[in-house]
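Participant: Sequences and hints are given; from them, build the entire structure.
Residue numbers (this note's numbering), protein chains in the order written: chain A, 1 to 359; chain B, 1 to 359; chain C, 1 to 359; chain D, 1 to 359.
You may find that some hints are simply not true.
For chains that are exact copies, the list does not tell them apart, and a pair is met inside one copy or across any two.
[To be verified] Derived lysine-lysine pairs resembling BS3-like cross-links, with alpha carbons at most 30 Å apart: (1) Lys-338 x Lys-321; (2) Lys-58 x Lys-338; (3) Lys-58 x Lys-222; (4) Lys-123 x Lys-4.
What the hints contain is simulated information worked out from the structure, not anything from laboratory work.
There are 4 protein chains.
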Amino acid sequence: MPEKLIGVLTAGGDCPGLNAALRAVGKAANAYGMGVIGFLDGFRGLVENRTIHLDPSKLSGILTMGGTILGTSRDKPHRMPVGSMGTMDMTPLAVDNYSRLHLDALVCMGGAGTVKNAYRLLKSGLNIITLPKTIDNDVCGTDVTFGFDTAMTIAAEAIDRLHTTADSHHRIIIVETMGHNTGWLALGAGTAGGADITLIPEIPYHIESVAEALLRRSRQGKRFSIIAVAEGAITVEEAAARAEAGTEISPDDEEGGSDKTARLAQKLQALTGLETRVTVLGHLQRGGTPTPADRLLATRLGARCAELISEGASGIMVAVKGDDCVPVKLGEVAGKLKTVPPDHPWIRTARQVGTCFGD
Amino acid sequence: MPEKLIGVLTAGGDCPGLNAALRAVGKAANAYGMGVIGFLDGFRGLVENRTIHLDPSKLSGILTMGGTILGTSRDKPHRMPVGSMGTMDMTPLAVDNYSRLHLDALVCMGGAGTVKNAYRLLKSGLNIITLPKTIDNDVCGTDVTFGFDTAMTIAAEAIDRLHTTADSHHRIIIVETMGHNTGWLALGAGTAGGADITLIPEIPYHIESVAEALLRRSRQGKRFSIIAVAEGAITVEEAAARAEAGTEISPDDEEGGSDKTARLAQKLQALTGLETRVTVLGHLQRGGTPTPADRLLATRLGARCAELISEGASGIMVAVKGDDCVPVKLGEVAGKLKTVPPDHPWIRTARQVGTCFGD
Amino acid sequence: MPEKLIGVLTAGGDCPGLNAALRAVGKAANAYGMGVIGFLDGFRGLVENRTIHLDPSKLSGILTMGGTILGTSRDKPHRMPVGSMGTMDMTPLAVDNYSRLHLDALVCMGGAGTVKNAYRLLKSGLNIITLPKTIDNDVCGTDVTFGFDTAMTIAAEAIDRLHTTADSHHRIIIVETMGHNTGWLALGAGTAGGADITLIPEIPYHIESVAEALLRRSRQGKRFSIIAVAEGAITVEEAAARAEAGTEISPDDEEGGSDKTARLAQKLQALTGLETRVTVLGHLQRGGTPTPADRLLATRLGARCAELISEGASGIMVAVKGDDCVPVKLGEVAGKLKTVPPDHPWIRTARQVGTCFGD
Amino acid sequence: MPEKLIGVLTAGGDCPGLNAALRAVGKAANAYGMGVIGFLDGFRGLVENRTIHLDPSKLSGILTMGGTILGTSRDKPHRMPVGSMGTMDMTPLAVDNYSRLHLDALVCMGGAGTVKNAYRLLKSGLNIITLPKTIDNDVCGTDVTFGFDTAMTIAAEAIDRLHTTADSHHRIIIVETMGHNTGWLALGAGTAGGADITLIPEIPYHIESVAEALLRRSRQGKRFSIIAVAEGAITVEEAAARAEAGTEISPDDEEGGSDKTARLAQKLQALTGLETRVTVLGHLQRGGTPTPADRLLATRLGARCAELISEGASGIMVAVKGDDCVPVKLGEVAGKLKTVPPDHPWIRTARQVGTCFGD
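Facilitator: Right, dumping it as C-alpha cells:
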C-alpha cells in the first residue's frame with residue numbers, strides 16, 4: 001500500500017504540457033512510494049467524484065501529447081453550474097470527496113484563475129499544491145508557466161507565414177494572439193516574429209500613433225507591416241473609461257474573444273488607405289504537441305511537485321526559479337495577475353529593434 | 001545575347017511554391033539559352049511595365065521561400081482599378097509592353113482566375129503559357145496544382161492541434177478552410193486530419209443531418225467532434241436558392257471570407273446543446289515555406305515550362321499528368337472550374353472511414 | 001457475427017502511415033460488416049499466432065501516430081530465424097493459423113520484399129491482399145507508396161538545415177538518404193531541397209565528375225555544395241564489377257547501411273581540397289507523424305482494401321492510380337523492383353535546374 | 001556620421017540565432033546613432049580585413065534565417081593556419097585592422113572557445129564585447145546561450161521520431177547528440193524526449209549498469225529503449241584514465257565526432273542480446289530556422305549589446321540573467337567551461353522520472 005495518496009486535476013483552458021506534467025507527477029510519486037488518482041474534467045470531477053487511477057500504463061506515451069488525458073473544465077467549486085438552476089457552492093462535496101478518498105494532497109494544474117479557486121479549497125481545509133500552467137504566462141510568483149513557450153512558438157510561426165503573404169500582397173496584416181488581460185504572448189511572439197507593431201493591454205495605444213507608424217513604413221518604401229495584437233489590448237480611451245468605471249481586471253480563467261480586432265483593422269485601413277487583413281489565431285495556440293522546452297519545464301515542475309509532497313509540503317505553488325523549482329506560499333500569489341511591466345526588459349528590447357507600441 | 005526572352009508574372013493570391021517555380025523557370029531557361037524578365041505585382045506590372053531581370057543571383061536561395069519575390073495582385077488587365085475612377089481596360093498597354101520588350105512568351109502563374117485572364121491576353125495576340133498555381137486545387141486539366149499540398153498540410157496540422165483542445169474540453173470545433181467554391185482543401189485536410197464531418201460546396205448539407213451526426217457521436221460516448229468546413233460550403237436551401245437565381249460559380253480569383261461559419265456554429269450549438277467553437281484558418285494556409293512535395297512539383301512545372309517554350313510552345317498551360325508534365329491547350333481549360341465530383345474516390349474514402357457530409 | 005473476418009499484419013521496416021492504413025482498413029471493414037484481427041510483429045505473429053482484435057477503440061487516435069501498433073519484423077515465413085538453429089520454413093504454421101482463425105483474407109502491408117513474401121503465401125493457398133508501404137517508393141505497379149512523402153519531407157528538411165551550415169562554413173555537405181537499391185528518395189529530396197549533386201543507384205557516377213562539379217561551383221564563387229546520395233549509389237566501376245559478377249538486385253527488405261559515404265567524403269575532399277562532411281539521416285526518415293499527404297494516401301488505400309475484400313477480391317495488391325486506388329494482380333508485381341528510369345521526368349527536371357548526377 | 005562604429009563577427013560552429021543577434025545589434029546600434037561593420041568568416045575576416053557594411057537592407061528578412069550572413073570559421077587570431085606553413089600569430093594584423101577602421105568596439109559572437117580568443121584580443125588592447133552563442137550551452141556566466149533551445153528542440157524531435165521506430169521494431173536506439181564536453185544538450189533533449197537512459201560527460205557511466213537497465217526494462221515487458229548519449233560521454237574507466245593522465249578539458253571550439261557511439265552499441269547488443277541501432281544527429285542540430293525562443297533571446301542579447309556599447313561598456317560578455325541581460329567581465333568567464341553539476345536540478349528531475357545515468 002502506498003505511503004501517501006495524491007489527487008490531481010487539470011483546470012481552466014487546456015494547455016500544452018499538461019500531460020507531460022501529469023506523467024512527471026505520477027512517475028515521481030511512484031518513485032517516492034505514493035499513489036496518484038486523477039479527477040476528470042477539472043474541479044467538476046472532484047465535486048462529482050469521477051476519478052481514474054493514474055497507474056504507469058496510463059502515463060506511458062503521453063509526454064508528447066497535447067491536451068490533458070484527464071479532461072478539463074472552467075467550473076469553479078464554489079460556483080458550479082447546475083443544470084438550468086444557475087450555480088451552486090459545491091465546496092462541501094469537494095471537501096467530502098477529498099476526505100473519503102483519504103488524500104494527502106490535491107495537485108491543481110491551472111492558470112491564475114485556478115490558483116484563486118485552489119486557494120479557496122486550501123482555506124476549506126484541503127492540502128492544495130498548484131502547478132503554474134497557462135499559455136498566458138500571467139501567474140505571479142514563477143519565472144514562467146508551462147504552455148507559454150509552445151503558444152509563443154505557434155504564434156511566432158504563424159507570423160512567419162503571414163509575413164510572406166503580407167509581403168507578396170503589400171498589405172497590413174494584424175495577428176491577434178491570446179493572453180487574456182496580459183501581453184506576454186503578443187510581446188514574445190511579436191518580437192520573435194519580427195512584428196513591426198505590438199499592441200498589449202499593459203500599454204494602451206493611440207490608434208493614430210499606430211496609423212502613423214504604418215504610414216512611416218510605407219513612406220520608407222516598406223510595402224507591408226505586421227501588427228501583433230493581444231486579445232486584451234486596449235486604446236488609451238478605453239483604458240481611461242475603464243479606470244473611471246473602476247473596472248478591475250481579475251485573473252479569472254474566462255475566455256477572451258471579440259471582434260475588436262476586426263474593428264481595429266477597419267479603422268487602420270480607413271486612416272491609412274492601406275489594405276488590411278486580420279488573422280485570429282485562437283485555439284490553435286493551445287493545442288498540439290508541446291515544444292521540448294515546455295516538456296522539460298512541465299517535467300521539472302511535476303517531478304518537483306511529487307518530491308515536495310513526499311516531504312510534507314502544503315498550501316504551495318511549485319514555481320520556476322532559474323534552473324530550479326521552488327515552493328511559494330499559495331496565499332502570496334492567489335488572486336494576483338502577472339502583467340507586463342511597461343519598463344520590462346523585453347519591452348525595451350522590442351523598442352530598441354524598432355517595434356512601435358502605439359503609445 | 002539570349003536566343004529568346006521570356007516574361008513571367010505571378011497573379012492572384014500568393015501561394016507556396018511560386019518562388020520554387022520562378023527559380024525553375026529561370027534556371028532551366030538559362031540552360032536553354034533564354035533570358036527571363038519578371039513583371040512586378042501580377043498583371044499590374046505588365047500594364048505599368050515594372051520589371052526586374054531574373055538573373056541567377058535573384059534565383060538563388062528562394063527555393064524554400066514562401067510568397068513570391070515578384071509580388072502579386074488580383075488586378076485583371078481588362079478591368080484594372082484606376083485610382084478612384086473605377087476600372088479601365090488596360091489590355092492594349094499590356095500588349096504594347098510585351099511587344100516593346102520583344103518577349104517570345106509570357107508565363108503567367110496563377111489559379112483558375114488567372115488562367116481566364118491569361119486566355120484573354122492570348123486572344124489579344126500574346127504568346128501565353130500558364131502554370132497551375134493555387135492552394136485551392138481548382139484548375140481544370142491538371143492532376144493537381146502546386147500550393148495545394150502545403151495548404152492541405154497546414155490545415156490538417158491545425159486540425160491535429162484542435163483535436164487536443166476539443167478532446168480536453170469536450171467540444172465541437174469547426175475549422176474553416178479556404179478553397180473558394182470547391183471542396184478539395186477541406187476534403188483533403190479533413191480526411192488527413194480525421195475530421196468527423198466535412199462540409200464542401202459540391203455536396204450541399206442539411207444542418208439537421210450535421211446536428212444528428214454530432215448527437216450520434218455524443219450518444220456513443222465520444223465527447224468531441226471536429227468539423228472541417230470549406231469556406232464555400234452551402235446548405236441545400238442555399239444551393240436551391242442559388243440554382244433558382246441562376247447564379248453561376250466563376251473561377252475568378254476573388255477572396256472568400258464571411259461569417260457564415262460563425263452562424264453555423266451558433267445553429268449547431270442550439271440544435272445539439274453541445275459547446276461549439278470556430279477557428280478560421282484564413283491566410284495561414286497560403287504563407288510560409290512550401291512542403292518539399294510542392295517544391296518538387298513547382299520545380300517540375302517550371303523547368304518543363306522553360307523546355308516547352310524553348311521548343312516553341314504557345315497558348316498552353318503546363319499541366320501535371322502523373323510523373324510527367326504536359327502541355328494542355330489554354331482554350332480547353334480557360335473559364336472552367338475543377339470541382340469535386342460527388343462520386344470522387346476521395347469522397348468514397350471519406351465515407352468509408354465514417355465521415356459525414358451532411359447530405 | 002461479422003460477415004467476413006480479415007487478418008492484417010505489417011512487415012518490413014516501419015513506415016509512416018501504417019497506423020493510418022490500419023485504421024482505414026478497420027473502420028471500412030466494420031462499415032462493410034467485416035471483423036479485423038491484427039497479427040503482431042509481421043509474419044512472425046502469423047506463424048506464432050499472436051493476435052489482437054482491432055476493435056474501434058484500438059483504431060481511435062492512431063491516424064497521426066508513427067510506427068505501427070501491431071509491431072513489425074523483417075522475418076519471412078519461409079525462412080524464419082529459430083533461436084540459434086538458423087532458419088526454418090514456417091509456411092505450414094502460417095497456413096494453419098490462417099485456417100483455424102477462419103480468415104477470409106490476409107492484408108499484408110509492406111514494401112517490395114513483403115510483396116514477394118506475401119506472394120509465396122498466396123501460392124500456398126492464402127487469400128492475400130497487399131498494400132504498398134515503404135519509404136523507398138520501390139514497389140512496382142503503383143504510382144507511389146505511402147511513407148515516401150514523409151521520408152522525402154524529412155530528408156528535404158534536413159537538407160534545408162544543412163544548407164545553412166554548409167553556407168556559413170563554406171563546406172561540402174553530403175547527405176545520405178535511405179532508398180535501398182533505388183534512388184527515388186534521394187532524387188525527390190535532393191530536387192526539393194536544392195541539392196547541387198544527386199547520386200542514385202540507377203545512374204552510376206564517376207567520382208571525378210563529381211569532384212569537377214564541386215570545383216566548378218567553387219570557381220563560380222559558390223562557397224558550398226550539397227550532395228544528396230542514396231545509400232545504394234554506386235560508381236561506374238562498382239556497377240561494372242557487379243554486372244560482371246552477375247549480381248542481381250533483389251527487392252528483399254534488408255536494411256542498407258555502410259561507410260561507403262564516409263569514404264566518398266574522404267575521396268572528394270582529397271580530390272577537391274574542399275572541407276567535406278557527412279550526415280547519415282538513417283532511421284530519422286522512417287519515424288514520426290506521417291505527413292497529411294501520406295495519411296490521406298494510406299487512408300485511401302486502406303479503405304479501398306476493405307472495399308475490395310468485401311467484394312471478394314483475392315491475390316491482389318491495392319495500387320495507387322491517379323486519384324483512384326485499383327487492384328493489381330500480385331503475380332504481376334511480386335519480385336519486381338521499381339527503379340528510377342534514367343530518362344524519368346524527375347531526372348530531366350533535376351538536370352534542367354542544374355543538378356549534376358556524376359555521369 | 002555615426003557617433004560610434006562597431007565591428008561584429010561570428011566565430012566557431014554556426015548556430016541558430018546568429019542572424020537574429022546580428023539584426024538586433026545592427027538595428028539597435030542604428031537607433032543609438034552607431035554604425036556597424038561586419039567581418040567575414042570569423043576572426044579570419046578581422047585579420048584579412050574582409051568586411052561588409054551592415055546597413056538596414058542587409059538586416060532585413062534575416063531574423064528567421066539559420067547560419068550567419070557573415071560566415072564563420074574556427075580560426076583563432078593567435079594561431080591562424082597559413083597555407084601549408086602551419087599557423088602564425090596574426091594578432092597584430094587584427095589589432096591593426098581594428099585601429100585603421102577606427103572601431104569603438106568589436107562584438108564577437110561565439111561559444112566558450114570564442115570567449116577565450118576574444119579575451120586575448122581584449123588583452124591586446126581591443127575593446128571586446130562577446131555574446132554567448134552555442135548550441136552546447138557551455139558558456140560560464142550566463143543562464144543560457146542562444147542556439148541551445150533550437151538544438152534541444154531538434155534533438156528531442158529526433159528522439160520522438162526514433163521512438164516510433166524503436167517501438168515498432170522492439171529495438172534499443174542510441175541517439176548521439178552534440179555538446180562537446182558537456183551534457184546540457186543530451187540531458188535537455190533526453191528529458192524532453194523521454195529517453196530511458198541518458199549518458200553525459202559529467203557522469204561517467206558503467207556499461208554494465210546501462211546494460212542492466214536495458215534488461216530490467218525488457219523484463220518489465222517494455223520492448224524498446226531510447227538512449228540519449230552526449231558525444232562527450234565517457235565510461236568510468238575512461239574518466240579514470242583521463243584523470244590519471246591529467247588531461248584537462250578545454251573550452252576550445254573544436255568539433256567532436258568519433259565512432260565511440262558505434263562501439264557502445266556493439267557492446268550493449270553483446271551484453272543484452274537486444275538489437276541495437278545508432279543515429280548520430282550531427283550537423284542537423286545546428287542548422288535551420290531558430291526556434292522563436294532563440295530568436296527572442298538572440299534579439300534581447302543583441303539589442304542590449306548595442307545599448308551597453310553606446311553607454312561605453314568594454315571588456316564584457318553580455319549575459320542572460322532571468323528576464324534581463326547584464327554585463328559580465330570577460331576576465332571572469334574566459335577559459336572556463338560550464339559543465340552540468342552532478343546535483344543539478346535537471347539531473348534530479350531526470351532521475352525522479354526514472355532516467356538511468358549509468359552511474
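Participant: Would you mind marking each hint as holding or not holding in the structure?
Facilitator: Tested hints:
1. Taking CA atoms no more than 30 Å apart as the test, Lys-338 paired with Lys-321 passes in both settings, with 15 Å inside one copy and 19 Å between copies.
2. In this assembly of identical chains, the alpha carbons of Lys-58 and Lys-338 never lie at most 30 Å apart, being 34 Å within a copy and 38 Å across copies at closest.
3. With identical chains, the CA atoms of Lys-58 and Lys-222 are at most 30 Å apart between copies only, with a shortest distance of 14 Å across copies and 53 Å within one.
4. Only within a single protomer do Lys-123 and Lys-4 lie at most 30 Å apart by alpha-carbon distance; the minimum there is 21 Å, versus 60 Å between protomers.
In this structure, the one hint that does not hold is number 2.
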